[in-house]
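Visitor: These protein sequence lines are chains H and R, in that order. Residue 15 in the numbering used here is what sits at position 10 of the first sequence, and the numbering runs on without skipping anything. Residue 356 in the numbering used here is what sits at position 107 of the second sequence, and the numbering runs on without skipping anything.
Mixed in with the good hints there might be a few duds.
Claimed, not checked - DSS-like cross-link-like pairs, simulated, lysine-lysine; straight-line CA separation at most 27 Å: (1) H/K112 with H/K71; (2) H/K129 with H/K116; (3) R/K403 with R/K346; (4) H/K71 with R/K403; (5) H/K78 with H/K112; (6) R/K407 with H/K71; (7) R/K372 with R/K407; (8) R/K441 with H/K80; (9) H/K129 with H/K112; (10) H/K112 with R/K312; (11) H/K71 with R/K441; (12) R/K372 with R/K346; (13) R/K372 with R/K312; (14) H/K129 with R/K331; (15) R/K372 with R/K403; (16) H/K116 with R/K312; (17) H/K116 with H/K80; (18) R/K403 with R/K383; (19) R/K440 with H/K71; (20) R/K372 with R/K441; (21) H/K80 with H/K129; (22) R/K383 with R/K372; (23) R/K383 with R/K340.
Stated by the list, open to error - What the simulated footprint calls covered on chain H by chain R, stretch by stretch (three residues with Cβ under 8 Å from a Cβ of chain R suffice, anywhere in the stretch; the number is not a length): (24) 28-41; (25) 50-58; (26) 61-69; (27) 75-89; (28) 99-111.
Note that these hints are calculated values from the structure, not bench results. Using N, Cα and C, we set each Cβ at its ideal position, and we do this for glycine too.
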Amino acid sequence: MFRSILVVVSLSAALMLSAMDVSAEYGDVVINNYSDEAAVSPVVFPHWFHRIRYTCKTCHTDLNIKLSAGSNKIKMSDIIDGQYCGACHDGETAWGIENCELCHSAKQGSKTSVQRSELHQMLKMESHPVVAKKKR
Amino acid sequence: MKSSTNLFWMLTALVLSGGVCHTVIAAETSAKDEANQFNRIMKKDALRDKSLQGDGIHDPANKSLNLLQTPSDAFASLPNAKGGNGVNWVKAMEDGKIKPRPDLHDATAQPFVMDLNIVREVKGSMPNVVFPHKQHTELLDCTSCHPDIFIPQKGANKLSMSASLMGQQCGICHGKVAYPMSRCSFCHSGKKQLAGAKKP
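Please build the complete structure, drawing on both the sequences and the hints.
Guide: Next up, the structure:
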């Protein structure tokens, strides 16, 4: 009996979670390549913030950052070496690496993703009540 | 045996209560006067919580969030557009509202701009796609797209809308960080000579 209550509670929690709408900004990129195993919060990279200040070329050509989210296996040691984020996040152009929480600001366990991308929205339609009802 | 029966009824109750919830929500919506109140695609932007604490991805317990710029602050002075960030980025650049730098170190560097429109003929009655190199080269380098994503040769690329929607080709940027593909007419902006129509 207790077991079944537990199952129902966890099921309803899962349902509620799936129904919860993420309202992050279009182009917020969550990066969780190594954060989980290092037990730190994943990174939220606000793409929209950076494009106001720099063109695509500066990071995606000059700093060799690949276009696909999560495909750049960036480690903190690279950043300290002045590569990738470290080219600006050096304490002079932008805040330095000692401000861990400013970048590592996502909820623990968040998956690598581009928030509110159209693909994201399409896949989320699976949990849309109307779509779900038709499938039942 | 008994516990499994219990489980069955509890699950049924759960599903039913979910159904009831949906019906209640639907009733509330239809009670409103506006006929087109229901948004079929996504929440209206105005209804979204734009604080970083409540955006669903940031950790609300993070004390440093207040130091970060919020999207609404950043976009306040920029020209509006529907979809995506709600910002017309091209117009923002043309108007000089934003001046993104093409070089990390040289503040006076200018982008290498190529002004060449590529017209892609599209099947059916959809207007042709006009691809402007100008707006793209103001931001990107040639190597960003050529030759890995698009072969720089006429007729060499087979483009498809479904590939783009699945995050390939144009969809590598559009629909993720550049304006979304739901703005059909931004790309499909050429004139169409319809079959059967006589040329003037």
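Visitor: Identify every previously stated hint that the structure contradicts and give their numbers, smallest first.
Guide: 3, 8, 11, 12, 13, 19, 21 and 27
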